[in-house]
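Can you make the complete structure from the sequences, with help from the hints?
The residues making up each chain are set out below.
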Amino acid sequence: MATTSTIDVVMPQMGVSVSEGTITKWLKQEGEPIEADESLLEISTDKVDTEVPSPGSGVVQQILVQEGETVEVGTKLAVIAPEGAEAPAAEETPPEPAAAEEAPAEEEAPAPEAAPPAEAPPAPAPAAADGNGGGEKTFVSPVVARIASEHGVDVGQVSGTGRGGRVTKKDILAFVESGGAQQQPRQEQATPAAPEAPPAPAQPEPQPEPAAAAPPAPAPAAAAQPEAEPGESYEPMTAMRRGIAEHMRRSLDTSAHVTSAIEVDMSRVVAIRKKLKGEYQKSYGVNPTYLSFVARATVETLRDYPWINGELRGDQIVTRNYVNLGFAVELADGKGLIVPVVRHTEGLNLLGMARSISDIAQRARDKKLLPDDVQGGTFTITNPGGYGTFHGTPVISQPQAAILGTYAVVKRPWVIQDDRGEDVIAIRPIMNLTLTYDHRLVDGALAGRFLRDLREKLESWDEDAY
Amino acid sequence: MAEMTYLQAISDGLRQEMRRDKRVFVIGEDVGVYGGAFKVTLGFQEEFGPWRVIDAPLSETAIVGGCTGAAIMGMRPVAEMQFADFISCAWDHLVTVAAKQRWRAGTPVPITVRLPSGGGFSGGPFHSQNPESSFAHIPGLKVICPATPEDAKGLLATAIQDPNPCLYFEHKHLYRRLKAEVPDERYETPFGKARVHREGEDVSVITWGAMVHTADEAAQQLENDDISVEIVDLRTLIPWDKQAVLESVSKTSKVVVLHEDTHTGGFGGEIAATIAEEAFEDLDAPLKRIAAPDTPVPFSPVLEKAYIPQVEDVVAGIKEVAEY
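Chains as they are written, first to last, in this note's numbering: chain E, 1 to 466; chain R, 467 to 790.
I should point out that these hints are in silico values taken from the structure, not numbers from a laboratory.
Every residue gets a Cβ at the ideal spot worked out from N, C-alpha and C, and that includes glycine.
Just so you know, not all the hints are guaranteed correct.
Within a straight-line C-alpha distance of at most 30 Å, the following computed BS3-like cross-link-like pairs (lysine-lysine) qualify [as the list claims (entries may be wrong)]:
no.	chain 1	residue 1	chain 2	residue 2
1	E	368	E	282
2	E	170	R	717
3	E	170	R	708
4	E	170	R	785
5	E	170	R	645
6	R	659	R	645
7	R	708	R	645
8	E	335	R	717
Examples of chain E residues lying across from chain R (beta carbon under 7 Å, computed) [said to hold, decoys possible]:
no.	residue
9	143
10	146
11	163
12	168
13	236
14	367
15	398
Label-pair restraints from in silico Cβ distances [unchecked claim]:
no.	chain 1	residue 1	chain 2	residue 2	range
16	E	174	R	771	53 to 59 Å
17	E	178	R	730	57 to 63 Å
18	R	691	E	178	52 to 58 Å
Printed below as a string of structure tokens:
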């Protein structure tokens with residue numbers, strides 16, 4: 001449906017705890033026509049990278065936030081005009097009419113008070129006040145929000161000593177005093193992005209677009225980014241990198257990480273996989289990967305170990321009658337990691353598991369994940385074995401209790417018993433599995449029994465049952 | 467400087483005021499020959515004579531009504547309610563006439579009503595109340611709640627000289643328990659200026675009257691827990707020192723409002739609301755009110771102890787806020 005009046009495109013809410021997003025790429029430029037639901041831009045948030053579809057058909061009349069900028073949820077990003085509206089070029093040059101026409105709606109989103117037009121797109125501080133930088137829902141008191149806003153601090157980066165890990169006024173003041181605020185990436189991020197920005201928007205028209213342009217670039221640049229040493233170069237942290245950094249640090253600060261490992265003879269799985277592979281490919285177009293076997297067996301084993309699928313919440317131990325399984329997926333550019341979640345895996349057989357994993361991994365790489373796809377995991381599997389590594393100590397995805405690591409399947413000499421009960425050496429495909437668990441909740445013996453049972457399920461794979 | 471009890475300081479201030487200002491006279495039940503139920507005016511009748519130290523009939527209505535007329539005619543009466551609780555008998559004269567006279571006719575009504583208030587001695591429901599919030603709600607009245615001997619004397623002088631009806635709540639529990647240096651000469655302690663009783667960093671306790679001392683004991687105990695408590699003594703509720711409270715809130719960001727009066731409709735609610743309105747962005751924890759439960763004051767010593775906020779209650783309340 002073609003639009004009859006202009007439509008605003010705003011930064012979408014990508015999940016309850018996400019308060020801001022970074023524009024990573026405009027897929028359409030000003031003046032280009034666009035269909036409803038056609039992808040208009042790519043954004044990156046702490047939780048997910050995704051494309052934003054156009055809310056209507058028409059012409060991209062105005063792009064208000066440039067690539068590399070981070071803005072609060074609800075901030076107006078662009079305006080779609082009905083087709084045949086004034087030519088965008090003519091529209092841009094005299095900015096006053098456009099600005100005037102849009103003033104009321106345009107300016108309410110980003111900056112809380114102050115003079116609206118000048119502030120619109122940058123407005124990083126109020127977003128930080130939300131305190132959900134790391135995706136953790138933690139209450140931010142009014143004074144902490146104010147201090148965060150004044151100093152441009154992301155509350156998610158401050159470790160809290162208040163009740164339930166809440167960031168107190170003292171915590172954030174100490175953080176600011178220790179210089180934490182300067183390390184705040186957002187300002188840095190906005191500035192280096194400007195020089196790199198692709199030809200069109202930001203630079204050619206600095207005069208006509210004061211409202212949309214980044215804050216006077218030189219000043220923050222000078223303040224935020226020290227000179228690189230010879231041979232060094234700077235690269236701004238992406239929102240995702242920042243999210244990962246925060247989450248990893250917080251996880252290590254939260255859980256008592258311990259890792260146990262076990263060796264699994266995968267002969268039976270290898271044989272069954274070989275047999276199923278053709279059939280699955282042909283009938284369903286799905287590859288029954290080793291990961292789907294391990295995932296299937298893990299879900300089955302977790303049934304007997306609810307605490308490993310559990311969570312410490314305050315003084316309570318949470319257990320569930322379901323397993324939402326997270327899978328750590330590397331992004332195509334190698335610069336990030338995301339953990340999409342397959343929900344209710346307890347209801348999936350091997351085929352269902354293989355299909356779900358393949359689907360969610362593909363969508364993660366294509367940046368097509370929805371907010372719900374990255375939330376609510378109860379247990380995570382990470383698979384660094386693709387490169388031949390045989391051991392690791394992954395970091396738990398908070399607030400879960402454990403993470404399973406799967407490693408390369410390697411042919412190794414293995415002592416087995418032959419038909420007569422004699423020890424002989426055979427060549428067997430062996431895979432190491434690690435369970436990294438939060439020792440606050442899970443003891444070593446429990447983890448050991450879990451790994452033993454998981455190995456047992458894999459080594460004696462029951463084709464009919466799974 | 468001389469060391470005086472809280473009661474002696476009131477007595478001293480009143481005596482000085484009567485010596486320097488002939489318009490000042492005292493009226494109340496047994497204030498003359500007997501020297502007052504608590505002996506605040508002991509020896510006053512000998513010094514000032516029966517026309518300036520008047521034994522009134524058992525009628526608070528008559529006492530306040532008479533004071534109102536005398537004040538309108540230019541006198542500066544100081545009425546004593548034997549117990550603050552009895553002021554309800556004088557409600558109409560205070561609220562309908564004295565509080566409004568200046569606003570409707572421009573006539574000053576410089577009455578001071580002394581109100582021995584508060585519990586802690588098993589006085590029961592008629593001899594232990596802290597009815598300050600009822601009167602703080604009435605425009606035209608001023609409400610004074612001294613917590614120290616020095617303030618008791620200075621605030622009484624200010625009250626007597628103030629052109630408005632002033633309710634001077636003197637806490638009975640402090641009468642003879644509290645002793646401190648008090649300047650010999652006459653002085654006026656200004657209304658609406660709070661006193662930081664104790665400086666601290668972590669939690670502000672906003673309070674007045676006897677609770678200042680309960681809070682102080684709690685603060686001393688909390689030193690062991692490494693919690694630094696700031697105590698703001700309001701000294702007067704009408705007018706109250708909003709600025710000082712907001713400053714303290716801005717410093718600590720955590721607030722306990724403490725009073726001996728009952729919880730619902732207590733003046734602490736006004737303070738809490740003001741903080742929410744004007745210092746929202748300074749808060750790092752929900753504000754906590756510590757007050758008496760919404761019942762009459764019980765006779766039984768055990769129940770009374772459970773009723774009036776005790777040091778342990780204040781310690782627990784402050785901790786809760788500090789640890790938030």
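Hint check:
1. E/368 / E/282: Holds. Residue 368 of chain E to residue 282 of chain E sits at ~26 Å (cutoff 30 Å).
2. E/170 / R/717: 11 Å, holds
3. E/170 / R/708: 24 Å, holds
4. E/170 / R/785: 16 Å, holds
5. E/170 / R/645: Distance ~38 Å between residue 170 of chain E and residue 645 of chain R Cα, so the pair is violated.
6. R/659 / R/645: 22 Å, holds
7. R/708 / R/645: Since the Cα atoms of residue 708 of chain R and residue 645 of chain R sit roughly 29 Å apart, the hinted pair holds (cutoff 30 Å).
8. E/335 / R/717: Distance ~44 Å between residue 335 of chain E and residue 717 of chain R Cα, so the pair is violated.
9. 143: 5 Å, holds
10. 146: 4 Å, holds
11. 163: Residue 163 of chain E check passes; min Cβ-Cβ to chain R is 5 Å, inside 7 Å.
12. 168: 6 Å, holds
13. 236: 30 Å, violated
14. 367: 38 Å, violated
15. 398: 22 Å, violated
16. E/174 / R/771: 53 to 59 Å: At 41 Å between Cβs, range violated.
17. E/178 / R/730: 57 to 63 Å: The hint (57 to 63 Å, Cβ to Cβ) is violated, given that residue 178 of chain E and residue 730 of chain R are roughly 45 Å apart.
18. R/691 / E/178: 52 to 58 Å: Violated: the Cβ-Cβ distance is about 25 Å, outside 52 to 58 Å.
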